[in-house]
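Those protein sequences? They're chains P and S, same order as listed.
If you read the first sequence in numbering that gives the first Met the number 0, its first letter stands for residue 0, the second for the next number, and so on.
If you read the second sequence in numbering that gives the first Met the number 0, its first letter stands for residue 0, the second for the next number, and so on.
Just to be clear, a hint being listed does not mean it is correct.
[Claimed, not checked] Each pair of labels, with its calculated beta carbon distance range: (1) R103(S) <-> Y16(P): 20 to 26 Å; (2) S108(S) <-> Y16(P): 24 to 30 Å; (3) T139(S) <-> K82(P): 31 to 37 Å; (4) D126(S) <-> T15(P): 32 to 38 Å; (5) H321(P) <-> I317(S): 58 to 64 Å; (6) V22(S) <-> T107(P): 26 to 32 Å; (7) K267(P) <-> H117(S): 30 to 36 Å.
Think of the hints as simulated: they come from the structure by calculation, not from any bench.
Glycine included, C-beta positions come from ideal geometry on N, C-alpha and C.
Chain by chain, the residues:
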Amino acid sequence: MSRLLEVENLRVYFNTYAGQVKAVRGVSFGVEKGETLAMVGESGCGKSVTAKALMRLFERTSGEILPESKITFDGVDVMSLDKKALHAFRGTQIGMIFQDPMTSLDPTMSVGKQVGECLMIHEGIPMKEAVQRAVELLRMVEIPNPEERVKAYPHQLSGGMRQRIVIATALACHPKLLIADEPTTALDVTIQAQVLDLLRDLKERLGTAIILVTHDLGIVADFADRIQVMYAGMIVEEGTKQEIFKECDHPYTWALLRSIPAEGASKKQLYSLKGTPPDLLLDQKGCPFASRCEYCMPVCREYQPDFTQKSGTHRVACWLQHEKAPRVERPVGAGGEIR
Amino acid sequence: MSETTLLQVEELKQYFPIGKNRVVKAVDGISFSIRRGETFGLVGESGCGKSTTGRSVLGITKPTSGRILYDGEDIASFTKAQRMKFKKSAQMIFQDPYACLDPRMTISSIIKEGMEVHFRYSKKEADDRVRDLLDKVGLTEDYASRFPHELSGGQRQRIGIARALAVEPEFIVCDEPIAALDVSIQAQVVNLLMKVQEERGHAYLFISHDLSMVRHISDYIGVMYLGSLVETAVRDEIYSHPLHPYTKALFSAIPKPDPDMNWAKTRIHLEGEVPSPINTPEGCKFCARCPHATEQCRRETPQLRDMGAGHRVACHRIEEL
């Protein structure tokens with residue numbers, strides 16, 4: 000199998016005082032070697048939880064990955080790894096970039112030690128050598144004057160610099176997959192553009208596969224190869240970038256694309272989805288999007304739709320695809336077309 | 000000054016001293032005006048002084064120098080009665096809908112608080128007003144007895160808007176009102192802001208770093224960089240013909256939701272980051288990152304110059320570029 004990552008029926012539930020929050024409800028997808036998969040959706044749709052579950056990062060929290068979930072990474076069954084093997088797996092196979100670079104760096108540790116830390120742990124090299132390697136890594140992420148910067152502490156660096164440090168740390172052990180969870184949300188637009196350029200460049204040079212978690216469709220259009228749209232803990236549509244932006248078939252994807260303000264059409268009311276996403280504490284009957292969907296049919300409230308395969312790469316979970324469903328024209332976006 | 004001008008800011012400077020001989024020049028001499036019923040969008044990267052400007056024009060912080068004229072009167076020389084009137088007339092909507100509502104007050108008492116100061120309503124009138132306002136912002140009257148923690152982010156921001164509207168203001172400062180919200184909720188809140196403006200005709204100072212939303216809501220736009228206003232123009236003009244090198248770079252850095260566009264190739268690559276606002280030197284604030292900077296840019300601070308049709312730019316080399 001050439002697939003780097005294969006996820007089947009992933010379910011992640013959180014036990015809280017209010018009850019069981021079913022954050023991810025049966026998600027199946029895969030990532031090829033070297034490709035960029037974007038997960039898009041609103042907050043609380045389970046995109047971050049899905050990404051974190053790939054490394055089983057919920058072991059010590061109230062979160063629980065249900066036993067029927069299957070995660071296969073490069074031929075290894077991640078769910079069956081014991082504690083020690085999991086530790087090594089997390090360090091060397093998958094790198095992670097978090098949203099907020101200030102909270103993901105240790106404020107009491109110099110940058111060089113932080114970047115070198117995982118080299119010391121996973122490759123067993125002494126600290127001096129690790130810091131030397133850290134200088135090279137900082138150079139790789141285009142931090143000016145890396146020999147001096149390794150001695151700096153996170154508070155002495157700007158947001159963009161910190162995110163570069165986080166990227167260097169994530170890439171230190173040459174992971175095959177990089178999970179970037181909203182990597183540029185906390186950054187300004189010009190800095191965001193710099194960080195995205197860097198990620199693109201590194202991806203091409205190192206051939207790392209990337210899972211990009213974001214809600215910004217602009218970044219997705221620029222950066223991703225394939226897109227996976229999530230809603231209320233489920234994948235509703237998946238396809239290549241072209242398929243999602245031009246030939247998407249799920250009403251939620253339509254709504255996402257239509258809610259982007261069109262250039263030129265100002266002072267008009269923006270397209271907005273009515274209502275709010277469903278409560279993840281509750282069990283869902285039918286399609287998760289039914290309550291907000293303009294095209295909702297009686298069947299949508301009763302039964303969950305299966306995926307309809309539109310092409311080799313494009314699949315959509317919607318009852319409108321059923322042969323007996325009324326034919327619905329794809330609505331035009333705010334700019335006069337789906338952009 | 001024309002009759003329709005509601006707010007006029009003249010050479011506003013807001014410095015914050017931080018220890019010996021060190022001054023943060025958060026806002027360094029900016030001038031603009033807002034007409035009645037108009038939306039002025041203030042954009043720029045974090046730390047450029049947009050929020051400080053918003054706070055200064057409401058008199059929350061006392062400017063280091065410069066004048067702020069509201070309805071033709073300097074807000075610094077207001078009498079107590081005038082100040083009271085000004086506070087009723089100018090309101091603010093905050094960025095973080097979680098922090099700006101008192102968690103121990105019910106929604107109805109949050110909305111009523113301003114009304115009780117400025118109007119003499121009976122209890123019934125006040126309750127009716129709260130109901131009207133909740134209705135206006137798209138919530139049902141059941142929400143009146145709830146507490147902020149029972150509401151989602153978008154609903155809280157609606158409460159923030161209802162609270163601002165409660166005193167019937169003419170001018171509202173919106174400080175990043177949508178930054179903390181989800182994409183689909185952002186559209187709802189922006190639609191609401193535009194709807195109430197249409198009904199009531201108040202003016203907005205809309206502060207945001209979301210350039211596409213600012214474009215959508217504003218009539219007039221000002222771009223700030225490190226405490227200075229580098230370019231102001233009518234919305235369509237500034238988006239179609241940005242003149243200042245920073246504006247050009249900023250606009251080109253917005254990722255476009257178009258899968259066919261090779262954004263990485265077409266955008267203007269801007270090196271480096273925004274310098275520190277502490278003790279900024281003379282000269283153009285942008286010169287350290289500007290690809291066109293000359294000796295003159297490092298020496299002299301450029302002033303805003305009118306390039307025709309109200310399009311004002313602060314750049315020495317604008318004619319050559």
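task: Kindly confirm whether 24 to 30 Å is satisfied by the beta carbon distance between S108(S) and Y16(P).
output: holds (28 Å)
- prompt: Is 20 to 26 Å a correct range for the gap between the Cβ atoms of R103(S) and Y16(P)?
  reply: Holds - the Cβ-Cβ distance for R103(S) and Y16(P), about 21 Å, lies within 20 to 26 Å.
field: Consistency of beta-carbon spacing, K82(P) to T139(S), with hint 31 to 37 Å
entry: violated (51 Å)
field: Distance restraint hint 32 to 38 Å, applied to the beta-carbon atoms of D126(S) and T15(P)
entry: holds (36 Å)
field: H321(P) paired with I317(S), Cβ distance criterion 58 to 64 Å
entry: holds (60 Å)
field: Satisfaction of the hinted span 30 to 36 Å by the C-beta atoms belonging to K267(P) and H117(S)
entry: Hint holds: Cβ distance 33 Å, inside 30 to 36 Å.
task: Please test the hint of 26 to 32 Å on the beta carbon pair from V22(S) and T107(P).
output: holds (30 Å)
Of the hints listed earlier, the one the structure fails to meet is number 3.
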